[in-house]
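Those protein sequences? They're chains U and D, same order as listed. Its first residue numbered 1, the first sequence is counted upward by one per residue in our numbering. Its first residue numbered 1001, the second sequence is counted upward by one per residue in our numbering.
The set of hints was computed from the structure by calculation and includes no laboratory data. Hints may contain errors.
[Said to hold, decoys possible] Label pairs and their in silico Cβ distance ranges:
| hint | chain 1 | residue 1 | chain 2 | residue 2 | range |
| --- | --- | --- | --- | --- | --- |
| 1 | U | Trp280 | D | Asn1476 | 35 to 43 Å |
| 2 | U | Glu65 | D | Ile1180 | 42 to 50 Å |
| 3 | U | Thr111 | D | Phe1165 | 32 to 40 Å |
| 4 | U | Thr2 | D | Leu1297 | 37 to 45 Å |
We put the CB at the ideal spot given by N, CA and C, even for glycine.
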Amino acid sequence: MTPETTILLALGVPLIGALGIALAGRWPNVRETVTLVTAGALLLIVWSLFPVISAGGRPEVVLGEMMPGFTIAFRVEPLGMLFAGLASLLWIVNSVYSIGYMRGNHERHQTRFYVCFAIALSAAMGVAFSANLLTLFLCYEILTVSTYPLVSHKGDPATVRSARVYLGILIGTSIGLFLPAILWTQLAAGTLEFTAGGILEGKLTGPDVGLLLGLFAFGIGKAALMPVHRWLPAAMVAPTPVSALLHAVAVVKAGVFAITKVIVYIFGVDFLAGEPSGAWLAPVAAFTILTASAVALRQTNLKRMLAYSTISQLSYIVMAAAVLKPLSEIGAAVHMMAHGFGKITLFFAAGAIYVASKKTELYQLHGIGRRMPWTMTAFTIGALSMIGVPPTAGFVSKWYILGGSLQAGSYLAVFTLVASTVLNAAYFLPILYRAWLRPEAVPQKVDHGEAPWPMVVALTATAALTILFFLYNQPVIDLESQLVGRSK
Amino acid sequence: MDLTQQMPALQVVVPMLTAPILVFLRDGRLSWLAALVTSATTFAIAVALTRAVLGGAEISYMMGGWAAPWGIELRVDGLSALLLLVVTGASTLALLAGRQSLEDQIGVDRLPLFMAAWLLGLAGMVGILIAGDAFNIFVFMEISSLATYILIAGGPHRRALPATFKYLIAGTVGATFYLIGIGMVYMMTGTLNIADMELRLADVGDTSVVFVAAGFITIGMALKAAIFPMHAWMPNAYTFAPHVVTAFIAACSTKVALYVLLRLDFFVFQKNLVDHQLQFAYLLMPLAVLGIVAGSLSAIFERNLKRILAFSSVAQIGYILLGASLISVPGFTASVLHFFNHALAKLALFLAIVCLGLRFSRLRLSDLGGVGRQMPWTLTAFAVAGLSLIGVPGTAGFISKWALISAAMEHGGLGVALVVLIVASSLLAVVYIGRIVEQLWFGEMTADTAAVREAPPMVLAVTWVAVLANIWFGFNAAVPSGLAALAAEAFLRHLP
C-alpha cells in the first residue's frame, strides 16, 4: 500500500464506518463493534504513515481542482501527522469510553451520535492532512457542522440555545474572517499551498501582515483565542465523550493546529519574526492564558472549569507558535499531544463521576476519591499534567515552550508561563484536596462505586499515556524537529 | 430531414406549439405532465446545443433557408448556450417540483391555461436567447413578458394583481424603450440582424442617433433586468407570484433582460461608439455598486422570506453587472459565470420556499419559528443553497465570487475598493441568510410550526437535486467555465 492510498483510506475509513454504523443502528452491539473496528482500522492506517514521515517523506494526493489556484489536495507533514496520530489514538479509547457512558446514562439517539462522531473524525483527518488553505477550510467547516448534532444531543431548549452559540460563533468567524484571510492570501501570494518557509515573504509588508495574521487568528475560532472563546464553555452541554475527544482534542486542536500551520507554512517563522506588526499575537495569547485561568478559578461546575482550562491551554500553543523560535515551535506541537492526553483524562474522569454519582459541581466532590479511586487517580495525573509537574506529559511541552521563550528573550512569555502554572495549581489542587483528604458529606444520595468498566479502562489508559509520554517521547520530538529544521 | 440539424428552431418551436394544445386539455394534472415533458425536451435540446457549442461550433441557423441578414437567423454561442441551460433547466426543475404547489395555489381546473402561459413564457425567454436579430428579440420579449404577467397574477393573494400591474408598466416601458432604440438603429442601418448591425454601424459612425439608440436600449433593458434603482417592480412581483413561478422567474427573467443588454452593448455598440465604455464606468458600475449595497441592506431588514430573497436578487444582479462593467475579459467571464451560479443558488432557495409554501400560507419570518426542527431536510437544503448564495468555497457561488474578485483586482485602487465591497456585501448575505436559518431553526415554535410535517418526498428530492447541483458545480465548474471562456472570447473579438 502506497502512502498516497493510505491518506485516502484515513479520510475514507471513518466515512465508511459512519455508513456502517447507520446501517447497524438497530443492533447496538453490532453498531458498537463497527465503531471499534473503524477506530482500530483508522489507528493502524494513520500510524502506518509515521515511519514514512519520520524518514522525511511527504506523500501527497490531489483530489481535484475547482479552478486554477484552488485545489483539493492532501499532504502529510510532521505537524499534521502528530494531530492525526493523536486524534486517531484517542478515538479508539474514547469509543470504549463512549459505550460505557452512553449506555450507563441511557442516552437516546445513540446511532446518530456515533455516526456524527465518525464523520467528525474524518473531517479532523482532513484538517490534519490538508495541503492547502482551501482544503483546510472545507474540512474545518465540515468539522463544525458535523459536531453540531453532538453538541445539541440532549435536545432540550437550554442545550439548543448553547449549541446555537457554538454554531453561530464558529461559522460566523470562519466565514467573516478566515475566508477573507484566505482570499487575501491567494490574491497576495498567488497560491494557498502550505510551503516550508511560508509563501508570503516579499508579498506583503508592514501593517498588512499584522492585519492578515489577525484575520487568521480570530477567524480560526476553534483556537478559542479571547474574545472568540465563548463557544467552548457553551459546547460543554454536550455528552462528556464529545467534550472529551472533540472539545479537548479534535475540534480545539484543529484550531490551534490551523493557526500553527498558518504561522509556519503560510507566513513562515522567519518572515513573521522580521515583521513588527505581527508581534501582537503572543501578548494576546498570554492575556488569554492568564484571563482564562483566572476565570477557571471562579467556576463551580467541573466541566465548565475544564473548558476554561482548555481555553487557557490552547493559548499556550498559540503563544508558543507566536514566539517564533525553533524550540517553541516544537513545544507548540508537543503541547498539542501532551494537553490532549491530560485533558481527555480529566474529561473522562468528570464523565465517570457524572455517570456513577450524577455529580457535576465542585463542592459535591468531597471524599469522592475513596469511592472512585481509579477515576480520581487518573484525574490527579491529568491535573498534574495541566500544571506541568513531572512525571507527566505536560512537563515536557512546557519545558520546550519555556526554552523557546528564553531563546527569544521574551520575558512576557516566561512570566506568563510561571504565573499560569501558579493559577493552574490554584484551581486544580483544591479539587484534589477535596477528593482525597476531605471526608464525605454524610448522607449520600446514591451509594456508588466506580463507573462502568469500559469508562474506567479508558481513563486509566489515557492517564497511563500521560505518564508514558513523559518517559518516552523521542520519536515525536524528532518528528517535530523536522518542522523547524526545514524552515530554519 | 435530419432533426438534429433543426435543433435551434425546435428549441423555440416545441414549447411554443405545445402551449396552445394545453389550452384544450381539460385535465389539470395531464396538462402539468405535458408541460413538464415539453420543458424537459427543451432542456434536452439545450444540452445538445451546449455540447455542440463546447465542441467548438458556433451555431447559426437560417429560418426557412433564407440567408441572413434578410432571413431570420438563430444563433447559439457560449453566452446564449449557458443561459439556455439555465432557463430550460430552471423551468424543468420548477415544474417537476411544483405539481402539488401549483394545484394548491392555482387550482386544478385553471391549471391547463396556466401551464400554457408557462410554456409561452419559456418559449419567449428561449427565443430571446436564441434569436440572431434585434426585432425578434423584441417579439419574444413581449411573448415572455405577457406570459409572465399571467403567471405572476396567478398568485393566491390579491396583492398579486397590483404587483403584476406594476411589473406590466415597468416591463412595457422597458420594452418600448428597447423598440425605440432598435427603430433608430434600423433607420440608420436598414438591418435588424445583430451581427450585420455591428458591421453597418461602422459606416454610419459615431452619430448622435446611434448614441441615443444605445441609451434607450440600455435603460430599457436595465428596467426589465431590475437594475437598481429600477428594481421597484421586482420584490412584490417575486413575493406575490405563486411559489413555483417565483422559482422559475427568479432564476431566469431578469437575467434574460440583462443578457440582451450585454449582447447589444458589447456586441453591437462597443466597437462603434467612441468612449462607449464610459457608460459602464460612470453609469452602470455605480448602479451595480449601489444595487449590491442597497439590495443586501434591504434584504437584512425585510421580514418576508420571499422579499428577502427578492432583494438579494437585486444585489446579485449588481454582481453580474459589476463584472461586465469592468470591460475586461476576466470581468466578463466572472459576469457570465455568475449568471449561471446565481441562477443555481436562487433556484435551490426558491425550491426550498416551495417546500415551505406547501405547509404554510404565510411566509413571514415570525410565522416560521423553529420550523427547521420539523422540516430538517427542507431547512438543510435552504442552508446549503444559502451558502452558495453567500459564496462559500465548495459551492458554485464561490467560483463566480472568486472570479469577480480576481477580475476586480486588476483595476488597482478601484479594484481594491470593489473587492472590499464584494467581501462586505457577502458578509451582509451571511447576515440575511443567517437570520433566516437562525429563526427557522432555533426560533420559538408556534402552534402552527409545531404541528407541521416535512415536505413531500418528491418536492424535497427535486430541491435537493438543485442543492447538489450547487455543490457539484462548486467542485467541477468545467461546463460553465468552458461556456464562459467561449463567451469571453467572443467578447474580446467585439472590443474596439
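Now the hints, each set against the structure:
Distance hint check for Trp280 of chain U and Asn1476 of chain D: the Cβ-Cβ separation is about 41 Å, which falls inside the suggested range of 35 to 43 Å. Restraint check, Glu65 of chain U to Ile1180 of chain D: a C-beta distance of roughly 48 Å satisfies the suggested window 42 to 50 Å. In this structure, Thr111 of chain U and Phe1165 of chain D break the distance hint of 32 to 40 Å, their C-beta atoms being roughly 55 Å apart. For the pair Thr2 of chain U and Leu1297 of chain D, the beta carbons lie near 53 Å from each other, so the given range of 37 to 45 Å is not met.
Going through the hint list in order, the structure does not satisfy hints 3 and 4.
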